[in-house]
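Participant: Chain residues, written in single-letter form:
Number of protein chains: 2
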Amino acid sequence: MSRYAIGLDYGTNSCRSLLVDLDTGEELGSVVFPYPSGELGILTDPSDPNVARQQPRDYLDGMVAIITGAIEQARAARPGFDAAEVIGIGVDTTGSTPIPVDAEGTPLALTRAFADNLNAHVWLWKDHTAHAEAAAITEIAARMRPQYLAKCGGIYSSEWWWSKIWRCLKVDPDVFAAAHSWVEHCDWLPAVLTGNTRPDLVKRGVCSAGHKAMYAREWGGLPDVEFLAALDPALADLRGRLYEEAFPSDTPAGALTEEWAEKLGLKAGIPVAVGAFDAHMGAVGAGVQPGTLVKILGTSTCDITVLPNSATLGDVPGVCGVVDGSVLPGHFGIEAGQSAVGDIFLWFVNHLVPDSYGATVGEKFTEMERRLSQSKPGETGLLALDWNNGNRTILVDVRLTGLILGQTLHTEAHEIYRALIEATAFGALTIIRRMEEHGIAIDRVVNTGGLSIKNATLMQIYADILGRPLQVAASEQTCALGAALFGAVCGGSVSLDEVQRNCCRVRDLEYRPIPENQTVYHEIYALYRTLHDAFGVAEWQGRLSHVMKELIGIRQRQRA
Amino acid sequence: MSRYAIGLDYGTNSCRSLLVDLDTGEELGSVVFPYPSGELGILTDPSDPNVARQQPRDYLDGMVAIITGAIEQARAARPGFDAAEVIGIGVDTTGSTPIPVDAEGTPLALTRAFADNLNAHVWLWKDHTAHAEAAAITEIAARMRPQYLAKCGGIYSSEWWWSKIWRCLKVDPDVFAAAHSWVEHCDWLPAVLTGNTRPDLVKRGVCSAGHKAMYAREWGGLPDVEFLAALDPALADLRGRLYEEAFPSDTPAGALTEEWAEKLGLKAGIPVAVGAFDAHMGAVGAGVQPGTLVKILGTSTCDITVLPNSATLGDVPGVCGVVDGSVLPGHFGIEAGQSAVGDIFLWFVNHLVPDSYGATVGEKFTEMERRLSQSKPGETGLLALDWNNGNRTILVDVRLTGLILGQTLHTEAHEIYRALIEATAFGALTIIRRMEEHGIAIDRVVNTGGLSIKNATLMQIYADILGRPLQVAASEQTCALGAALFGAVCGGSVSLDEVQRNCCRVRDLEYRPIPENQTVYHEIYALYRTLHDAFGVAEWQGRLSHVMKELIGIRQRQRA
Numbered sequence: 009m010s011r012y013a014i015g016l017d018y019g020t021n022s023c024r025s026l027l028v029d030l031d032t033g034e035e036l037g038s039v040v041f042p043y044p045s046g047e048l049g050i051l052t053d054p055s056d057p058n059v060a061r062q063q064p065r066d067y068l069d070g071m072v073a074i075i076t077g078a079i080e081q082a083r084a085a086r087p088g089f090d091a092a093e094v095i096g097i098g099v100d101t102t103g104s105t106p107i108p109v110d111a112e113g114t115p116l117a118l119t120r121a122f123a124d125n126l127n128a129h130v131w132l133w134k135d136h137t138a139h140a141e142a143a144a145i146t147e148i149a150a151r152m153r154p155q156y157l158a159k160c161g162g163i164y165s166s167e168w169w170w171s172k173i174w175r176c177l178k179v180d181p182d183v184f185a186a187a188h189s190w191v192e193h194c195d196w197l198p199a200v201l202t203g204n205t206r207p208d209l210v211k212r213g214v215c216s217a218g219h220k221a222m223y224a225r226e227w228g229g230l231p232d233v234e235f236l237a238a239l240d241p242a243l244a245d246l247r248g249r250l251y252e253e254a255f256p257s258d259t260p261a262g263a264l265t266e267e268w269a270e271k272l273g274l275k276a277g278i279p280v281a282v283g284a285f286d287a288h289m290g291a292v293g294a295g296v297q298p299g300t301l302v303k304i305l306g307t308s309t310c311d312i313t314v315l316p317n318s319a320t321l322g323d324v325p326g327v328c329g330v331v332d333g334s335v336l337p338g339h340f341g342i343e344a345g346q347s348a349v350g351d352i353f354l355w356f357v358n359h360l361v362p363d364s365y366g367a368t369v370g371e372k373f374t375e376m377e378r379r380l381s382q383s384k385p386g387e388t389g390l391l392a393l394d395w396n397n398g399n400r401t402i403l404v405d406v407r408l409t410g411l412i413l414g415q416t417l418h419t420e421a422h423e424i425y426r427a428l429i430e431a432t433a434f435g436a437l438t439i440i441r442r443m444e445e446h447g448i449a450i451d452r453v454v455n456t457g458g459l460s461i462k463n464a465t466l467m468q469i470y471a472d473i474l475g476r477p478l479q480v481a482a483s484e485q486t487c488a489l490g491a492a493l494f495g496a497v498c499g500g501s502v503s504l505d506e507v508q509r510n511c512c513r514v515r516d517l518e519y520r521p522i523p524e525n526q527t528v529y530h531e532i533y534a535l536y537r538t539l540h541d542a543f544g545v546a547e548w549q550g551r552l553s554h555v556m557k558e559l560i561g562i563r564q565r566q567r568a
Numbered sequence: 009m010s011r012y013a014i015g016l017d018y019g020t021n022s023c024r025s026l027l028v029d030l031d032t033g034e035e036l037g038s039v040v041f042p043y044p045s046g047e048l049g050i051l052t053d054p055s056d057p058n059v060a061r062q063q064p065r066d067y068l069d070g071m072v073a074i075i076t077g078a079i080e081q082a083r084a085a086r087p088g089f090d091a092a093e094v095i096g097i098g099v100d101t102t103g104s105t106p107i108p109v110d111a112e113g114t115p116l117a118l119t120r121a122f123a124d125n126l127n128a129h130v131w132l133w134k135d136h137t138a139h140a141e142a143a144a145i146t147e148i149a150a151r152m153r154p155q156y157l158a159k160c161g162g163i164y165s166s167e168w169w170w171s172k173i174w175r176c177l178k179v180d181p182d183v184f185a186a187a188h189s190w191v192e193h194c195d196w197l198p199a200v201l202t203g204n205t206r207p208d209l210v211k212r213g214v215c216s217a218g219h220k221a222m223y224a225r226e227w228g229g230l231p232d233v234e235f236l237a238a239l240d241p242a243l244a245d246l247r248g249r250l251y252e253e254a255f256p257s258d259t260p261a262g263a264l265t266e267e268w269a270e271k272l273g274l275k276a277g278i279p280v281a282v283g284a285f286d287a288h289m290g291a292v293g294a295g296v297q298p299g300t301l302v303k304i305l306g307t308s309t310c311d312i313t314v315l316p317n318s319a320t321l322g323d324v325p326g327v328c329g330v331v332d333g334s335v336l337p338g339h340f341g342i343e344a345g346q347s348a349v350g351d352i353f354l355w356f357v358n359h360l361v362p363d364s365y366g367a368t369v370g371e372k373f374t375e376m377e378r379r380l381s382q383s384k385p386g387e388t389g390l391l392a393l394d395w396n397n398g399n400r401t402i403l404v405d406v407r408l409t410g411l412i413l414g415q416t417l418h419t420e421a422h423e424i425y426r427a428l429i430e431a432t433a434f435g436a437l438t439i440i441r442r443m444e445e446h447g448i449a450i451d452r453v454v455n456t457g458g459l460s461i462k463n464a465t466l467m468q469i470y471a472d473i474l475g476r477p478l479q480v481a482a483s484e485q486t487c488a489l490g491a492a493l494f495g496a497v498c499g500g501s502v503s504l505d506e507v508q509r510n511c512c513r514v515r516d517l518e519y520r521p522i523p524e525n526q527t528v529y530h531e532i533y534a535l536y537r538t539l540h541d542a543f544g545v546a547e548w549q550g551r552l553s554h555v556m557k558e559l560i561g562i563r564q565r566q567r568a
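Heads up: the protein sequence lines correspond to chains A and B, in order.
So in my numbering, spot 101 of the first sequence is number 109, and the numbers just go up one at a time.
So in my numbering, spot 548 of the second sequence is number 556, and the numbers just go up one at a time.
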């Protein structure tokens, strides 16, 4: 008799499933469902580039498609496959992605009254409309409750729970008033599957609560009423309609309802794990352990590591979150990340790469990689900042933008693409350095996510810039895999250790730094860091006239 | 009986002619000849983007094509036209564009031994290989002969005569040794037409000599032997094989030879004027007078004005040159400019604009202009530096590069194009401010060159940023027109005043600044100037963290 679990991974533009054999690690089915609404699944507002919303119906339509699809694939792959041997489901999503819901737990966007109102839809993680609210929360928390801030890197972000809800209250009081409660996307889906959508029944995950909603056991859960009232009395009032306790994902959110079991072709009553964010589940799926940094390289990135919760860990300025139990039970989950990585490349290829590189986005990337892989570090003379979507770690500031310098009259698109890749790698190095400076040792880096699998050129540049070997997780779906493992574990019949051992592997191909590239990048990183601090740190004061000249010098040396 | 003159304008990528009626100003013929060699007429070196050379044969092939073509057109336009009524020829070229020649005056590139040697070819104005030599000349002149530097803005440029010749001596001693002398492109062509190519017979123009070769009457012509020997004894030795005196363009370089007269269909013996640079001739063709700034908007730009040489004029730091007689006889010619303007737009459209804007370069520009003309200043949130080819005025530094900041994940190509236009306008404003700070009044701005005629969107942005009305010269060929006027004048039968009055007009359409745009650009210029000084001025020290945030603030305000 086999044991299977299903993980569901809800990303920015699509959701996907993974059906895994918990004893062999074999992945028997995986289906992707692109969200049909908006532009690549995102509802935007032409008058404000900060708006990013989603349609909750897309999530439900996707749910059926990706689970039934995965089961079908498993039947094809393994003739004896029996869906009744699926012992649990786990779910991860992006976040903080709050959904305003009514008293029944129905998203307002699915009610007739608010079907056309963007503010009643899902506030996607990368919605940046709430920067003023984030700044105000940071300022008020610094004054009233510095301990709240310390746990999330010292600066509260516009991408997070309270900023967005407060923003909604300010710009659309009708939506705020109609929302009986707010539910994280990752909590809503398990609630739907288990019939527990009524806000007081939704089992909330500690991952989203701790990393984004300032929840911690040590101060009694969510921020206290006095603090919330200092933001707005309506938020203090909302607190009572949210939740008291949040749980790690080895806890069940409930049991699969008859109705959904029938729709999905699964056994009713199997446990559905408490939801968590994609990156945290992905880290588990990639085999995170103390000393291992998991980098999830996608449209944005997350860098996740863990430390036993018996360790002493001071505050890590600019590192977005340290939350007990958010990744592995019994460990601090430490989360950092970059607000845009793949998204920067997609922006570039969609808006600034001529068709001479190819007719499609895929062809353009392939041709640019072919051409840039023939050049050496520094040959472009270019240097970029990876801030087209702000900087999450270590500056925690969405009011930052992209920068490219070093262009001549000969600069070509693939050279700029290289500079953009390098910029994201310099950003990644800045995060690792900040962790190490605060006593979080990184012995091993395991990468996962689309870019780590598809872009060998990028991976080599990352190895050269990070200055350490980079492993790649074997699974192409580490987030969904992590979710599946929690789906299995939350029923209590199997341990996380055991399923991680069975299912989390790395590939044979490892990217090792090339010493001469490392040397050049070491020089260029110093210039990156100068620009980073000059444009990103309010207190910075200094000189910049050497930057262009040193880049020209490096270019000449490398081309010679 | 009519009086005509022919002007020849040798640009960066092509040469063109203009045949003008000196009494009516009517332009009866004009032909363009794109240089056939290299990439758009420029010989490049893939290993060094600073290299820009040309093939002198292209100039001679062009000469025949554009003169005979213009005569043909004149015959078609005016049945009674008689080429014998052409009373003179004038020539302008880019510069400093020195040509190494043998003892007969033959360019080394046209000799068998050096036909394949890039260093034996024409060193085009925008060749930037000699930056180290330029820096050394600046340093040695500052110590030994500060007066030399004062006349050329305080910094000697890699684009100029001595930098390039010294560079050749260093990197290719064989070419240097084989070169009996060096001749500016603008001096070589009149010498060819008049049979005076032997180096001691070539009549050198004061425009190129004064602006680029540190020539001035007050110190006895070219830099003295002691100074040149401090650079390299071989340069001191070369001095004796160059020239003692240089002349303004109302002087004849000689008379058209029988051989060329026959080839061209003109009367032998008509005078050919001493050559000058395109911008200086263009300023004359656009009607330059004291108080009038002529802006020649092309691949690069030149800003030219004049001041009676009876006026007192101190040094103007960073303004490339103040030379008596280089524009109008009896006036100081004052020259500034931007190393790349149209070239930046061409670089952008050729390398970074997707085909969704159009299939051709022309279509892409049209569509980008259509889209950007619908937006307001500041809406892009972008800010650029116009330094892809270095900064000629006021920083006089080729070791600078382009910069674009403010990109989000939504930034589109036409928005960047707008930011690039704005950057060049901010650069233009910086030049005007520098002139005014040093007592050179600018009452009137007349524009000429391709961009001033073809790009109304750009012209309106320029008017908004420069904050003054902009006129456009009526002639599409002001450089060639100025050359033709000197061709007419150098024979002595007609005055420059008279032919300028007859031939130099402005168009009815004038671009007037829009007050609300001016206000926004005033704010953005302060940020431009901060970046300009931060990256361009060695002594600058300060803060930059406000730049991205202020741009975001302006963007939000303008979009609202």
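Please keep in mind that the hints were generated in silico from the structure rather than gathered at the bench.
Just so you know, these numbers come straight off a predicted model, no measurement behind them.
Watch out, some of these pointers could steer you wrong.
Since the list can't tell identical chains apart, any single copy or any two copies may satisfy a pair.
[To be verified] DSS-like cross-link-like pairs, simulated, lysine-lysine; straight-line CA separation at most 30 Å: (1) K557 with K178; (2) K271 with K384; (3) K178 with K462; (4) K275 with K462; (5) K384 with K178; (6) K557 with K271; (7) K384 with K557; (8) K384 with K462; (9) K275 with K384; (10) K178 with K275; (11) K557 with K462.
Participant: Now tell me, hint by hint, if it's right for this structure.
Facilitator: Here is what the structure says about each hint:
1. K557 with K178: between (48 Å within a copy, 22 Å between copies)
2. K271 with K384: Neither way: K271 and K384 sit 54 Å apart in one copy and 52 Å across, limit 30 Å.
3. K178 with K462: Classified as neither: same-chain Cα gap 43 Å, cross-chain 47 Å, threshold 30 Å.
4. K275 with K462: Answer is neither: 36 Å inside a copy and 71 Å across each miss the 30 Å cutoff.
5. K384 with K178: between (51 Å within a copy, 27 Å between copies)
6. K557 with K271: neither (64 Å within a copy, 50 Å between copies)
7. K384 with K557: Intra 18 Å, inter 34 Å, cutoff 30 Å: intra-copy only.
8. K384 with K462: Cα proximity of K384 and K462: one copy only (21 Å, versus 40 Å across).
9. K275 with K384: neither (56 Å within a copy, 59 Å between copies)
10. K178 with K275: neither (45 Å within a copy, 83 Å between copies)
11. K557 with K462: neither (35 Å within a copy, 35 Å between copies)
Taken one by one, the earlier hints fail for this structure at numbers 2, 3, 4, 6, 9, 10 and 11, listed in ascending order.
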